[in-house]
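Spelled out from the first residue to the last, the chains are:
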Amino acid sequence: MRLPVVCMIIPFPGLFYWRNRAKAVPLFLLVASSVLVVGTVATLTGSVLMSVYRANVKPYETYSLVVSKQAGIPRDIANQVVACEYVEQMVPVLDSKVKIKGLFGTEARTILAVPEDSADFCVARIGLRVKKGRLPYAGEDGIAIHEEIATAKGISIGDLVGREVNPDDYLWGIFQVTGILKGDVPCGIASLKYFETQWALDTGELDFAYLVFPREGYRDQMNSYLAMLPGNQVLLRSLETAERQFRSESQNMDLLLWLVNFLVVAIISCAMGLLNTVHLLGRMKEYGLLAAIGLTPAQLVRRAFEEVLILALAGFVLGIVAAKGVLVCIAEWILGPRGIQVSPMGLRAFVFSLPIPVMLSVFSFATIGRHLLRFDFVSIMEGRD
Amino acid sequence: MITAENLSLSYGQGQARCLAVNAVSMKVERGEFVMILGPSGSGKSSLLYLLSGLRSPSSGNVFYLGRDLSCMRASEVARMRYECFGFIFQQHFLVPYLTAVENVCMGRKDALGYRARVLLHQLHLAGKENALPTELSYGQRQRVAVARALVHEPQVIFADEPTASVDSELATEICDWLRHYCGAGHICIMATHDSRLIKHASTVYSIRDGHLGSATRFDDFPMTGPNSQ
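Protein sequence lines, in the order shown, are assigned to chains A and B. Everything in the first sequence is counted per my numbering, starting at 1 for the first residue and increasing by one. Everything in the second sequence is counted per my numbering, starting at 1001 for the first residue and increasing by one.
Do not take every clue at face value.
Restraint ranges, calculated between C-beta atoms of paired labels, are given here [claimed, not checked]:
1. A/Val317 / B/Pro1039: 56 to 64 Å
2. A/Val260 / B/Arg1073: 43 to 51 Å
3. A/Trp258 / B/Gln1015: 55 to 63 Å
Calculated cross-link-like contacts (lysine-lysine; reagent style PhoX-like; alpha-carbon spacing at most 25 Å) [as the list claims (entries may be wrong)]:
4. A/Lys285 / A/Lys23
5. A/Lys285 / B/Lys1109
6. A/Lys285 / B/Lys1128
7. A/Lys182 / A/Lys193
Simulated coverage check for chain B against chain A, where a stretch passes if three residues somewhere in it have a Cβ under 8 Å from a Cβ of chain A [as the list claims (entries may be wrong)]:
8. 1085 to 1096
9. 1139 to 1147
10. 1206 to 1217
Just so you know, the hints here were simulated from the structure itself, not pulled from any lab data. Glycine included, C-beta positions come from ideal geometry on N, C-alpha and C.
Kindly generate the complete structure, drawing on both the sequences and the hints.
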């Protein structure tokens, strides 16, 4: 079988920059460094958002929270919830927050105080497991916290946590760490009995809030049902409300990032477009010759575009690789030890920095293309340009 | 094979209008080596560019193999130049970052590389195939330019003062090469101001102020080249 012979037109795309590396390197580095900066910033901000999402939204994938707007949830409403066919279990809860150092300031992490007989169920359903130690006993001033919280706070089993230890925490009282949790949702579990002794609000026989776990596959139906509970008495925190709040809080960050990205892209595109034009003007004899030989303006534009594209893509690849390298180092040596998770291999760096080579190629294409479509190559060959 | 009918080319407008080529008619057949002889500014280069389809005439027509260039689309004319014509310019126009063999194949597919090497060898540039233009003497660069015009075996070579900046020995050699090429049934149309070179041509036209004089034909045009001996 004869293989098809692939013939390329000389000069091959990219040969100019390969043979003129002194001219190519500044352009190449310009693209690569832009991609590096944008990709790194995008990933770090993405990590912050992901961290906030995991703490504030992800838990609601497994449960909904019904909170009293008054001094406790009335019995009839509690009975109404239990009677719902989509509800697997309803667990009384009190929740609070502890503060940890995030990438850009402090972030809150939820502590759920649940009855000891429901603690194992809650931990399992939230997707956590005890990595070290144990869950707190009934009435014990203990707390099991997620490993990220422990790392961020620099505490371990036996250490103390709470408002009396750290005034920034909303966790009333003082708790001793009894266990370390592992899993997707960074939260803590405490004893409801002990929590109530620290709780200022007296709800009498009534519970203040419930974690409501749906039967598998019935989350949406359950939330629709809970949404019909009297709004003047209870507040529903579900996946939908949590996502809505997350979006409203995070959209500004993404908008800002896109704005910065746009400015970077615009500046880089202009700079590279101008540099390309300068290089092109220095190569008018070459293009003139190609046109005289018989290459059409469209072919010339395509060749010029291919060159820019190769350079932009090569710079993009280097920038992405460098960004990944930098992020791995940041994650490993700077943020990891502080309990801040960074996902260096996420797509965010790619998505946010992709407009750089794309816009750059388009801008160069527009400037060079316009030039090549209009230039009088015959005058160049006649030496009258 | 190439016919020009009442060909004119003017630059500028009104008072500044300049007639570079004035009502030129000529006919060139296969195997002819035509020289257009004239002083600087006489319109010989302009005529060459009109005949090769590089420029469009202000009036008149150019026919190649019976096809009127003015009736062809720009892309068709470009394709015709690409496939059928070869060009040698007064300046060598070698691309500085390409090697000699790459310059010969400039704008062509890399499959022509072997033929390019053979041509360079025949043009006494053996061992210089991978040299950059800066590593070649002026004469060597012009030889590369000649090879570039011949590499795809065009039907017609247009040479615009190819010997203007070279010594007489190389000028003779270039003319010999072109004469040899015409001997294989091709056409060469060369613009020159050097009357000493007309001995190489089969037909000589003189041109002055855009007017083309009558053709002088040399019946004893020898169909031999440097490598045919």
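Here is what the structure says about each hint:
Hint check: A/Val317 to B/Pro1039, Cβ distance near 57 Å, so the stated range 56 to 64 Å holds. In this structure the supplied range 43 to 51 Å holds for A/Val260 paired with B/Arg1073, their Cβ-Cβ distance being about 48 Å. Between A/Trp258 and B/Gln1015 the Cβ separation comes to about 58 Å, which falls inside the hinted range of 55 to 63 Å. Straight-line distance between C-alpha atoms of A/Lys285 and A/Lys23 comes to about 18 Å, which keeps the hinted pair within the 25 Å bound.
Under the criterion of a C-alpha separation no larger than 25 Å, the hint pairing A/Lys285 with B/Lys1109 is consistent with the structure, at around 20 Å. A C-alpha spacing of about 23 Å is found between A/Lys285 and B/Lys1128, which places the hinted pair at or below 25 Å, so the restraint holds. Distance restraint check for A/Lys182 and A/Lys193: the Cα-Cα separation of roughly 24 Å lies within the 25 Å cut-off, and the hinted pair is therefore satisfied. Requiring three or more residues with a Cβ within less than 8 Å of a Cβ of chain A, the coverage given for the segment 1085 to 1096 of chain B holds, as 7 such residues are present.
Closer than 8 Å: that is the beta-carbon criterion, and the segment 1139 to 1147 of chain B has 0 residues meeting it against chain A, so the requirement of 3 is violated. Residues of the segment 1206 to 1217 of chain B with a Cβ under 8 Å from some Cβ of chain A number 0, which does not satisfy the need for three, so the listed coverage is violated.
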